[in-house]
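Participant: Sequence:
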Amino acid sequence: MLRVRNLRTGYEDFQLSANFAVQDRSLVAIVGPSGSGKTTLINTIAGFLPVNIGDVEWNARSITSLSPGRRPVSVLFQDHNLFPHLNVERNVSIGLKANLKLDPTEKDKVFETIRKVGLEKYITKKPSELSGGQRTRIALARVMLRCKPLLLLDEAFLGLGPALRLEMLALIMDFVHEENMTLLMVTHDINDAIKLNQKIIFTHDGQVIGPIDIAEFLSSSDLKFRQYLGS
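Following this note's numbering, the numbering of the sequence shown begins with 1 at its first residue and continues without gaps.
None of these hints come from the bench; they were simulated from the model. All residues carry an ideal CB built from backbone N, CA and C; glycine is no exception. Among the clues, some could well be false.
Stated by the list, open to error - In silico DSSO-like pairs for lysine-lysine, Cα to Cα no more than 30 Å straight-line:
1) K125 x K109
2) K97 x K109
3) K121 x K148
To be verified - Pair ranges (Cβ atoms, derived):
4) P68 x G132: 20 to 28 Å
5) D13 x P104: 50 to 58 Å
6) N19 x T124: 43 to 51 Å
7) S65 x L164: 36 to 44 Å
8) I212 x K148: 19 to 27 Å
9) T124 x R5: 41 to 49 Å
10) K101 x R25: 30 to 38 Å
11) N19 x G132: 33 to 41 Å
12) T124 x D222: 45 to 53 Å
Just need the whole structure built from these sequences, with the hints factored in.
Facilitator: Listed below in structure tokens is the structure:
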């Protein structure tokens with residue numbers, strides 16, 4: 001279980017407060033107005049932003065003092081963090097070993113993961129030679145290879161068309177279910193949350209509300225929710 005306990009974090013001009021828990025194997029969409037704290041929350045859980053007050057716990061153990069690489073977390077960002085000079089194989093392999101010195105068993109794992117995301121025909125291509133959807137698949141393959149129990153997505157599908165967005169979301173959901181992972185996904189598209197069909201975390205003026213059931217969120221009379229939904 002992910003537990004964010006009495007948290008205060010942020011920057012000089014913006015502070016975020018959070019106190020919530022997410023059960024194992026949950027699918028949670030993080031939504032809210034622009035600038036309300038969605039990415040700040042993700043960055044804090046991942047370890048890219050320090051905690052001022054409070055604690056981040058995984059399975060009842062604090063991970064607050066751990067570096068990002070030592071946390072039980074993988075992150076899929078909007079820009080995918082791909083290396084432009086590396087081909088598909090090496091961009092994926094770096095998720096397993098930063099020095100890219102893989103043994104035969106590890107190489108087999110890389111090839112199998114690339115096959116799972118449908119990029120086996122593009123293994124020697126560099127990111128600039130691929131479409132936006134294919135670049136997203138490279139980043140997803142790297143995350144799949146690391147196979148950490150908590151997956152964070154920060155607008156990972158931004159810029160993709162509706163059909164491709166649904167395809168990528170389905171691929172993510174299949175992977176998360178298969179590996180019994182917990183998913184937190186920042187999105188500006190409420191349809192993503194509806195597709196996940198589980199929980200919502202709502203950020204508003206630096207406050208974190210939830211998780212709450214998606215059906216409860218959609219039917220709530222709370223003015224903040226209604227204004228966000230435009231209803």
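Participant: Compare the structure with each hint and give your call.
Facilitator: Taking the hints in turn, this is what the structure says about them:
1. For the hint pairing K125 with K109, the CA-to-CA distance comes to about 19 Å; that is within 30 Å, so the pair holds.
2. Between K97 and K109 the alpha-carbon distance is near 12 Å, which keeps this suggested pair within the 30 Å criterion.
3. For the hint linking K121 to K148, the alpha-carbon distance of about 26 Å falls within 30 Å, and the restraint holds.
4. In this structure the hint that P68 and G132 lie 20 to 28 Å apart at CB holds, the actual value being about 25 Å.
5. Between D13 and P104 the beta carbon distance is about 51 Å. The supplied range of 50 to 58 Å therefore holds.
6. Range check, N19 to T124: about 48 Å between beta-carbon atoms, so the 43 to 51 Å window is met.
7. Take S65 and L164: their Cβ atoms lie about 39 Å apart, and the range 36 to 44 Å holds.
8. Here the CB-CB span from I212 to K148 is close to 26 Å, well matched to the stated 19 to 27 Å.
9. Look at T124 against R5: about 47 Å separates their beta carbons, and that is inside 41 to 49 Å.
10. A beta carbon spacing of about 34 Å between K101 and R25 agrees with the range 30 to 38 Å that was offered as a hint.
11. A beta carbon spacing of about 37 Å between N19 and G132 agrees with the range 33 to 41 Å that was offered as a hint.
12. Remark: the range hint 45 to 53 Å for T124 to D222 is upheld by a beta-carbon distance near 52 Å.
Hint compliance for this structure: no hint is broken.
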